[in-house]
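Just need the whole structure built from these sequences, with the hints factored in.
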Amino acid sequence: MSEISKIRNIAIIAHIDHGKSTLADRMLELCGAVEAREMRSQYLDTMDLERERGITIKLQSVKLEWKGYTINLIDTPGHVDFGYEVSRSLAACEGVVLVVDAAQGMEAQTLANTYLALENDLEIVPVLNKLDLPAADPDKHGAEMEQILGTPAEDILRISAKTGLGVEALLEAIIERVPPPEGDAEKPLQALIFDSHFDTYRGVVSSVRVMNGSLDSRDKLKFMQAGSTHEADEVGVRTPDNTPVDSLGPGEVGYLIAGIKDVREARSGETITTAANAAEEVLDGYREPQPMVFCGLYPVDGDDYEDFRDALDKLRLDDGSFTFEPETSTALGFGFRCGFLGLLHMEIVRERLQREFDLNLIATSPSVEYQITMNGGEERVIDNPSSLPASGDWTEIREPYLKASMITPAEYTGTLMELCQTRRGHMEKMEYLSPDRVELVYRMPLSEVVVDFFDQLKSRSQGYASLDYEAAGYEPGDLVRVDILFNSEQVDAFSTVVHRDSSYDYGRRTAEKLQSIIPRQQFEVPIQAAIGGKIIARETVRAFRKDVTAKLYGGDVTRKNKLLKKQKEGKKKMKSIGRVEIPPDTFIRALRLDD
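In our numbering, the protein residues as written are 758 to 1352.
No lab work stands behind these hints, which were simulated from the structure alone.
Here the structure is a predicted model, which is why all the values come from computation and not from measurement.
Every clue listed holds true.
DSS-like mimics (lysine-lysine), calculated; alpha carbons at most 27 Å apart, straight line: (1) Lys1071 x Lys1018; (2) Lys1018 x Lys977; (3) Lys919 x Lys824; (4) Lys1160 x Lys1215.
Beta-carbon label-pair distances, calculated as ranges: (5) Pro909 x Asp1115: 48 to 58 Å; (6) Asp878 x Thr1085: 47 to 57 Å; (7) Phe1091 x Glu876: 39 to 49 Å; (8) Thr1085 x Gln1219: 36 to 46 Å; (9) Asp1193 x Lys1270: 36 to 46 Å; (10) Glu1108 x Thr1130: 29 to 39 Å; (11) Thr1130 x Lys1160: 18 to 28 Å; (12) Glu1038 x Glu880: 23 to 33 Å; (13) Asp941 x Asp1115: 44 to 54 Å; (14) Glu991 x Glu1045: 20 to 30 Å; (15) Arg1299 x Asn1132: 40 to 50 Å; (16) Glu925 x Phe1091: 54 to 64 Å; (17) Gly1171 x Glu1045: 31 to 41 Å.
Beta carbons are placed, not taken as given, at the ideal position from N, Cα and C, and that holds for glycine.
Written as structure tokens, this is what we have:
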């Protein structure tokens, strides 16, 4: 058990790609936590997807020893979709290392993370990273950080996580500036779970921070919110490999294995105490992450439905932040309506399901959650466009809004303002952070952001602008449901809720796109977009047509007309009784987000 005055608990926070994981690598090397022959880049990123994409998805904690001090370090994700991982990490710390790229300066996510740290009353150690880059301008971006953070420029450390320059000075600064944790070993045990994942062989492995008392192996533990009791099979620290210890004292960070089979019993934010000498108060936990984006996931082969359900249950053990419930589609069969924290989160979950469980899935268009007031005053919440009642049955529909914060070089301000205005955004703030960098804050509907807003933002600013957003309540809107009909039959997988002003354009574009990818049938297939009973757009997939007059070698024209008439009647009959066969890959191509 470490002496409490010699412990420092910190998290590394930054925008995407500013060097958090590389800095963690250098710290591991300097503190001798990993031998040189075992070292690899992004050592703490253990998931295949993390290593391929070069992003951190799950937070990772590690215990380091430096000159008689213990530093418990948490490496956090940078992407806005995984912001809940960052907020959970901060509850287990007394300080943060705020990393800023010396070539790019403060970005939107940097600001959001800074405010999170200030809300949690944490000591901030600001760092300018990537000094080895030719484009690095530490003086300029140091002045920018001084203006925004209020930290004197001389107190901002300058390092290169890649070469190791200045990392020793950073470790010294952490010990000097970050206060030791507070806690009383004599009080009843209070420990906070800040992360959990599922191990196939050992059950749930929880990351814990002990606030008061001591957590001993073989203790009988009470999980206060879940109301369950378990025995601690193993208590340990990550160095970075799991190393069992006899006990964890106040201020220490480690892991707990207690033979739990369901992650829901050991949720993040859960307070652990001993069954024999239970604490009276529950620690402040976390707000449950609320799904923002919804989509239907369906197996391409209907026989995989049971395997798909098992896969979702297993993945839920590792990532408790997405939701799912069964749903049925006339076009796609049996599947699940899933809720995610954002588009990247949706993409990661879908890719993990396909990779780790060998499934072939179709995803419907992403949608958001709407609140509806029915004619009788009843309130409903709808996350599937095909569940929206007919427009005469409700008096008001409300859609979710976001407060979107963008930081961009000044020359792209006009083009980004135009982008936000076309997406029904209202400007709330525009502020120059420095002569050539601007922060734009817009209030805009979530439905306008979820599909391709981020791609447009990047392409219009040549990759320089950055985006952060947070939920900002609901507002009434003039919204309608656009249905797509094949041969006069509605296909629910293509139903979407859009603003009335853009409904005609959406219907026309969707009909044109489907016409180009739906295979031709033996009969003509009309593709229509409709709002209620009103058709707003139509395209037609022409029928295959055999040349029935080819065998004629002359004679009266009535012979030719007779054959053509017979063919026409046959096509008409086929059209009235025929079903339009839509191959599964058509849905995949039609629902592609990038189009």
